[in-house]
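**Q** Going down the list, the protein sequences come from chains A and B.
Residues in the first sequence are numbered consecutively from 1, following this note's numbering.
Residues in the second sequence are numbered consecutively from 111, following this note's numbering.
Source of the hints: derived by calculation from the structure; they are not laboratory data.
A portion of the hints provided could be inaccurate.
[Said to hold, decoys possible] Pairs of lysine-lysine residues, derived as BS3-like cross-links and limited to a Cα-Cα distance of at most 25 Å, are as follows: (1) A:Lys71 - B:Lys112; (2) B:Lys112 - B:Lys164; (3) B:Lys257 - B:Lys242; (4) A:Lys101 - B:Lys164; (5) B:Lys257 - B:Lys285; (6) A:Lys71 - A:Lys101.
[Claimed, not checked] With beta-carbon atoms standing in for the labels, derived distance ranges: (7) B:Pro225 - A:Ala75: 38 to 46 Å; (8) B:Ala284 - A:Gly51: 53 to 61 Å; (9) A:Thr78 - B:Thr220: 50 to 58 Å; (10) B:Trp233 - A:Thr78: 29 to 37 Å; (11) B:Arg134 - A:Ala49: 21 to 29 Å.
Just so you know, even glycine gets a beta-carbon here, dropped at the ideal spot from N, CA and C.
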Amino acid sequence: MTTDTTHSEDILAIAAQWRAAGEQVAIATVVETWGSSPRPAGSRLAVTASGRLMGSVSGGCIEGAVADAAKQAMASGTPQLLDFGVSDERAWEVGLSCGGKVKVFVEPLT
Amino acid sequence: MKADTLARLQAERAAQNPVVLLTRLSDGAQHLWPQDAVPDALADAARAALGSEKAGSVTIANEPWFIHPHNPPLRIIVVGAVHIAQAMAPMAGPLGFQLVVVDPRGAFATAERLPGVTLNTDWPDDAMAALKPDARSAVVTLTHDPKLDDPALDAALRSPAFYIGALGSRRTHAKRVARLRDLGHDDAAMARIHAPVGLDIAAVTAPEIALSVMAEIVAARRGASLGAPRPAVPSEPRVSIGITA
Numbered sequence: 001m002t003t004d005t006t007h008s009e010d011i012l013a014i015a016a017q018w019r020a021a022g023e024q025v026a027i028a029t030v031v032e033t034w035g036s037s038p039r040p041a042g043s044r045l046a047v048t049a050s051g052r053l054m055g056s057v058s059g060g061c062i063e064g065a066v067a068d069a070a071k072q073a074m075a076s077g078t079p080q081l082l083d084f085g086v087s088d089e090r091a092w093e094v095g096l097s098c099g100g101k102v103k104v105f106v107e108p109l110t
Numbered sequence: 111m112k113a114d115t116l117a118r119l120q121a122e123r124a125a126q127n128p129v130v131l132l133t134r135l136s137d138g139a140q141h142l143w144p145q146d147a148v149p150d151a152l153a154d155a156a157r158a159a160l161g162s163e164k165a166g167s168v169t170i171a172n173e174p175w176f177i178h179p180h181n182p183p184l185r186i187i188v189v190g191a192v193h194i195a196q197a198m199a200p201m202a203g204p205l206g207f208q209l210v211v212v213d214p215r216g217a218f219a220t221a222e223r224l225p226g227v228t229l230n231t232d233w234p235d236d237a238m239a240a241l242k243p244d245a246r247s248a249v250v251t252l253t254h255d256p257k258l259d260d261p262a263l264d265a266a267l268r269s270p271a272f273y274i275g276a277l278g279s280r281r282t283h284a285k286r287v288a289r290l291r292d293l294g295h296d297d298a299a300m301a302r303i304h305a306p307v308g309l310d311i312a313a314v315t316a317p318e319i320a321l322s323v324m325a326e327i328v329a330a331r332r333g334a335s336l337g338a339p340r341p342a343v344p345s346e347p348r349v350s351i352g353i354t355a
C-alpha cells in the first residue's frame, strides 16, 4: 500500500520535517468557530521561528497575528489559546472581516 | 506538542489506524485515543468524533479539551488504468482519498503511468474480493469493457461502498443494466450507480472528466444533493465556450 502522508495538506508531516531539519516549530490549530469563519475546527498552520508558514487557520485573515503568537509560544515554551472575532478590536486590525469568530490553540513543538 | 506525541500520531496515521488527538487547552497536555488510557468521558467524546469526522471542543470535569479525530483516508477503487485514472491520481491525495487502480492489462497498470498509486493487476473479481470495498470506499469503473467493468460493479453493488460510478453513455449503461439484472441486481441496486459517471459539467477531456468524477465523489462523501444518483434524463444540446473566428 502506498500512503501519501506528505501531500500539501498534511501540516503535521511538514512540521515534523521542519523540526528534523533543525527548525524551531509551533503548530496552530482552530479549536472553535462561530458564525462564518472560513476554516473549520481542526485546521492547522505550522510556523517556524525563522518565519516559514504552511497551512491555514482562517484563509489568510489572521495568519500574521497567529504567527506572532506562535513565535512567543516558541520563545516561552508555553501554549496559548487565542481568540479572534468581530467583537475584538485586534481582530479588525488583522482583518477577520468575514464576521466569524475563531479560537486558535498555539503550541510549540518541544 | 511533544515531538514524541507527533511521531506517534504520524505513525498511527501512516498505519491507517483511526486516531484521536486529545488536547487539554488549559496547559496543552495531550493523549492519543484509543492508544492511550483516558477517562471514559474523554474516550466517549473521541469515539463520537471519529464517527462524525468533526473536530471540536468539549468541557470534561471542568477542563476544556480539544477533540481532533484523524480517520484513515477514504479509498477510491478505480477499475481501468486509463487516461482518466491518470488524471484522477494527483487530485485524490489532497482531497483525502487513497487511490487504488485495478487493471489486469499489464500495458496499462504500470508505475510509469501511475506513479505513487497502489496498483492491483488481478482480474476485477479477484481484486474486489481482496480489496473488500467498505462504507468508506468509492468504486469507479472506467474500462468500457464489460469483461472488466461488470465483475467490479457486481462486487461493488454487493458492498456498502458509498459511491459507485460507471463510465459510459446512456445507451452503454442501458445494456449494462440489463447484464447486471441477469446477475440478480434489482432496481434499488441500479439506482446506486452513477451513470454516466461524474457531475454534468459537459466534460470532454480526461482531466475534465476526472474533475467531474472527483467532484461527484466529494459531493457523495459530504452528503450534498449533487452527490445522490440522479435519474437519467436526455440532455439538451449545448454549446461550449470555444474560440470563435
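**Q** Holds or violated: are the alpha carbons of lysine 257 of chain B and lysine 242 of chain B at most 25 Å from each other?
**A** Roughly 19 Å separates the two Cα atoms, so the pair holds.
**Q** Range first: 53 to 61 Å. Now tell me if the beta carbons of alanine 284 of chain B and glycine 51 of chain A are that far apart.
**A** holds, 60 Å
**Q** Is the gap between the beta carbons of arginine 134 of chain B and alanine 49 of chain A within 21 to 29 Å?
**A** Check passed, 25 Å falls within 21 to 29 Å.
**Q** For the pair supplied as a hint, lysine 71 of chain A and lysine 101 of chain A, confirm whether the alpha-carbon distance does not exceed 25 Å.
**A** holds, 22 Å
**Q** Can you confirm whether the C-alpha distance between lysine 71 of chain A and lysine 112 of chain B stays at or below 25 Å?
**A** Holds, at roughly 17 Å.
**Q** Can you let me know if the beta-carbon spacing of tryptophan 233 of chain B and threonine 78 of chain A is within 29 to 37 Å?
**A** The hinted range 29 to 37 Å is violated for tryptophan 233 of chain B and threonine 78 of chain A, with Cβ atoms some 59 Å apart.
**Q** Given the hinted pair lysine 101 of chain A and lysine 164 of chain B, is their alpha-carbon gap at most 25 Å?
**A** Judged against 25 Å, a Cα distance of about 18 Å means the pair holds.
**Q** Does the Cβ-Cβ separation between proline 225 of chain B and alanine 75 of chain A fall within 38 to 46 Å?
**A** Given a distance of about 42 Å, which is inside 38 to 46 Å, the answer is holds.
**Q** Between lysine 257 of chain B and lysine 285 of chain B, does the CA-CA distance stay at or below 25 Å?
**A** holds, 13 Å
**Q** Holds or violated: lysine 112 of chain B with lysine 164 of chain B, Cα cutoff 25 Å?
**A** Between lysine 112 of chain B and lysine 164 of chain B the Cα gap is close to 23 Å, so the pair holds against 25 Å.
**Q** Against the range 50 to 58 Å, how does the distance between the Cβ atoms of threonine 78 of chain A and threonine 220 of chain B compare: consistent or not?
**A** Holds: the Cβ-Cβ distance is about 52 Å, inside 50 to 58 Å.
Checked against the numbered hints above, the structure breaks only hint 10 and satisfies the rest.
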